[in-house]
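K.L.:
The listed protein sequences correspond, in order, to chains A and B.
Per this note's numbering, the very first residue in the first sequence carries number 17; after that it's consecutive.
Per this note's numbering, the very first residue in the second sequence carries number 87; after that it's consecutive.
Take the hints with a grain of salt, since some may be wrong.
Chain A side only, calculated, beta carbon under 7 Å to chain B, not exhaustive [said to hold, decoys possible]:
| no. | residue |
| --- | --- |
| 1 | E39 |
| 2 | M40 |
| 3 | D46 |
| 4 | G69 |
| 5 | L70 |
Here are the simulated SDA-like pairs of lysine to any residue, each with C-alpha atoms no more than 25 Å apart in a straight line [what the hints assert, rightly or not]:
| no. | chain 1 | residue 1 | chain 2 | residue 2 |
| --- | --- | --- | --- | --- |
| 6 | A | K68 | B | S120 |
| 7 | A | K123 | A | S142 |
| 8 | A | K68 | B | N113 |
| 9 | A | K68 | B | S91 |
| 10 | A | K68 | B | R122 |
| 11 | A | K130 | A | V117 |
| 12 | A | K68 | B | V118 |
| 13 | A | K68 | B | P93 |
| 14 | A | K68 | A | E35 |
| 15 | A | K68 | B | E116 |
| 16 | A | K68 | B | N139 |
| 17 | A | K68 | B | V123 |
| 18 | A | K125 | A | T143 |
| 19 | A | K68 | B | S110 |
| 20 | A | K130 | A | L144 |
| 21 | A | K68 | A | L148 |
| 22 | A | K125 | A | V150 |
| 23 | A | K68 | A | L27 |
| 24 | A | K68 | B | Y109 |
| 25 | A | K68 | B | G121 |
| 26 | A | K68 | B | R124 |
| 27 | A | K68 | B | E92 |
| 28 | A | K68 | B | H135 |
Some chain A residues well away from chain B (every beta-carbon gap over 10 Å; in silico) [as the list claims (entries may be wrong)]:
| no. | residue |
| --- | --- |
| 29 | R26 |
| 30 | I107 |
| 31 | M110 |
| 32 | V117 |
| 33 | L119 |
| 34 | K123 |
| 35 | P145 |
| 36 | V157 |
| 37 | A161 |
| 38 | G173 |
Treat the hints as calculated values from the structure; they're not laboratory data.
Since we're looking at a predicted model, the values are computed, not measured.
Cβ coordinates follow ideal geometry from the N, Cα and C atoms, glycine included.
Here is how the chains run, residue by residue.
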Amino acid sequence: MLEVYRWVLRLYPDAYRREYAEEMVSVFRDAETAMRRESVPTRFWFRVREIKGLLSGAVREHLCGFIRGQSWIPFRRFDMRSEFRFPRSTISLMLVILAGVVLTIEKAKGIQEKYGAGTNVTSVWSTLPQSLLVMVIAMCVLAAAGWAILFALRRSGVHRLSNVQTWPEQR
Amino acid sequence: MQPLSEPALLVLLSLAEQPRHGYSILNDVEIVSSGRVRLSTGTLYGILHRLLNRGWIERFEEEEGSRDRLAYRLTSTGRRNLRLEVERMRQLTKLASLRTARREA
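Construct all of the structure, not just a fragment, from the sequences and the given hints.
P.N.:
Written out as structure tokens, the structure reads:
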């Protein structure tokens with residue numbers, strides 16, 4: 017487990033890793049040693065929590081580093097609320113909605129077959145993974161495009177326009 | 087000043103009692119929250135990193151020349167801000183008690 021932990025730590029920015037990695041490994045080792053007395057499920061959830069914490073921490077540190085570097089971005093929320101966590105209830109809700117949609121499609125297919133509609137209906141299960149993959153790729157492309165636009169604006173120097181003095185300062 | 091998240095507040099409260107190293111903070115946060123808040127090391131060091139950057143806490147070597155035993159303690163700025171945050175929460179709970187009591191009456 018320690019090897020996995022060290023490996024995931026590599027996802028953090030270099031400066032952060034130099035500063036905290038050694039200490040984090042030491043604390044993790046202590047916590048893991050204390051966990052040896054616990055039951056198997058408790059140990060399992062401890063490991064899940066640790067890896068999840070590391071992954072979200074790595075994303076947060078990269079995001080904060082990016083936002084700090086882009087000083088012209090008008091919002092600083094990520095910086096101020098660094099401990100923001102994606103609510104678990106949202107994931108559950110999304111899964112319920114997805115299950116509902118899939119169930120509705122299957123039900124509709126059953127009704128269509130029952131009343132002898134002429135068209136051939138294909139099962140939703142065969143196309144679901146591809147559809148989800150396409151959605152994820154489309155979202156990544158959109159995010160990359162958004163980032164590229166922000167980066168281009170930054171390089172063009174448009175953010176410096178707010179510093180331009182349009183009339184002489186009155187003394 | 088932005089309101090603190092619960093894990094950050096618990097970390098500060100843990101350090102308000104005495105200086106602690108990482109593992110000791112993890113344990114103390116779990117104890118004071120009655121097992122409700124269990125921080126991972128990733129979350130804990132994210133919080134410590136922010137608090138260090140804001141100057142609310144400082145890091146020091148528990149034993150001379152030993153980076154293995156780095157510990158954390160509140161600075162005077164951190165202690166003052168923690169007091170302000172606690173005061174803000176006290177006013178909020180007082181208001182909540184008053185309003186809910188009036189509603190029930």
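K.L.:
If a hint holds in the structure, say so; if it does not, say that too.
P.N.:
A quick look at each hint next to the structure:
The restraint placing E39/A at the interface with chain B holds, with a minimum CB-CB distance near 6 Å, inside the 7 Å limit. For M40/A, the shortest C-beta to C-beta distance to chain B is roughly 5 Å, which falls under 7 Å, so the interface hint holds. Using the Cβ-Cβ criterion of 7 Å, the hint placing D46/A at the interface with chain B is satisfied: the shortest such distance is roughly 4 Å. Proximity of G69/A to chain B holds as hinted, the smallest CB-CB distance being about 3 Å (cut-off 7 Å).
Using the Cβ-Cβ criterion of 7 Å, the hint placing L70/A at the interface with chain B is satisfied: the shortest such distance is roughly 4 Å. Simply put, K68/A and S120/B have alpha-carbon atoms about 22 Å apart, close enough for the 25 Å limit, and the pair holds. Distance hint between K123/A and S142/A is fulfilled; the C-alpha atoms sit about 16 Å from each other, no more than 25 Å. Our distance criterion of 25 Å between C-alpha atoms is met by K68/A and N113/B, whose separation comes to about 19 Å.
Between the alpha carbons of K68/A and S91/B the distance comes to roughly 19 Å, so the proposed pair stays at or under 25 Å and holds. Our distance criterion of 25 Å between C-alpha atoms is met by K68/A and R122/B, whose separation comes to about 17 Å. At most 25 Å may separate the alpha-carbon atoms for a hinted pair to count; K130/A and V117/A meet this at roughly 20 Å. Proximity of K68/A to V118/B is assessed by CA-CA distance (about 23 Å); at most 25 Å being required, the pair is judged to hold.
The suggested pairing of K68/A with P93/B holds, with an alpha-carbon distance near 16 Å, which does not exceed 25 Å. Note on K68/A and E35/A: the hinted pairing holds, with a Cα-Cα distance of about 20 Å set against a maximum of 25 Å. Note on K68/A and E116/B: the hinted pairing holds, with a Cα-Cα distance of about 18 Å set against a maximum of 25 Å. Distance restraint check for K68/A and N139/B: the Cα-Cα separation of roughly 24 Å lies within the 25 Å cut-off, and the hinted pair is therefore satisfied.
Taking the CA atoms of K68/A and V123/B, the gap is about 15 Å. The hint holds against a cut of 25 Å. Note on K125/A and T143/A: the hinted pairing holds, with a Cα-Cα distance of about 14 Å set against a maximum of 25 Å. A C-alpha spacing of about 21 Å is found between K68/A and S110/B, which places the hinted pair at or below 25 Å, so the restraint holds. Restraint check for K130/A and L144/A: satisfied, since their Cα atoms lie roughly 23 Å apart, inside the 25 Å limit.
The suggested pairing of K68/A with L148/A holds, with an alpha-carbon distance near 23 Å, which does not exceed 25 Å. Distance restraint check for K125/A and V150/A: the Cα-Cα separation of roughly 23 Å lies within the 25 Å cut-off, and the hinted pair is therefore satisfied. Annotation: proposed proximity of K68/A to L27/A holds, straight-line Cα distance about 12 Å (limit 25 Å). For the suggested pair K68/A and Y109/B, the alpha carbons sit about 18 Å apart, so the restraint of at most 25 Å is met.
For the suggested pair K68/A and G121/B, the alpha carbons sit about 19 Å apart, so the restraint of at most 25 Å is met. Restraint check: the Cα-Cα separation between K68/A and R124/B comes to about 13 Å, which is no more than 25 Å; the hinted pair holds. For the given pair, K68/A sits about 18 Å from E92/B by alpha-carbon distance, which is consistent with the 25 Å threshold. With a C-alpha separation of about 18 Å, the suggested pairing of K68/A with H135/B holds against the 25 Å cut-off.
No beta-carbon of chain B comes within 10 Å of the beta-carbon of R26/A; the shortest separation is about 13 Å. Annotated as non-interface, I107/A keeps its C-beta farther than 10 Å from every C-beta of chain B; the closest such distance is 18 Å. With 10 Å as the threshold on Cβ separation, the claim that M110/A sits away from chain B holds: the shortest Cβ distance comes to roughly 23 Å. For V117/A, the condition that its CB be more than 10 Å from all CB atoms of chain B holds, with the nearest at approximately 33 Å.
For L119/A, the condition that its CB be more than 10 Å from all CB atoms of chain B holds, with the nearest at approximately 35 Å. No beta-carbon of chain B comes within 10 Å of the beta-carbon of K123/A; the shortest separation is about 41 Å. Taking the minimum C-beta to C-beta distance to chain B, about 30 Å, the non-interface status of P145/A holds against the 10 Å cut. Non-interface call for V157/A relative to chain B: holds, since the shortest CB-CB distance, roughly 29 Å, exceeds 10 Å.
Taking the minimum C-beta to C-beta distance to chain B, about 29 Å, the non-interface status of A161/A holds against the 10 Å cut. The non-interface label for G173/A is consistent with chain B: the shortest C-beta to C-beta separation is roughly 28 Å, beyond 10 Å.
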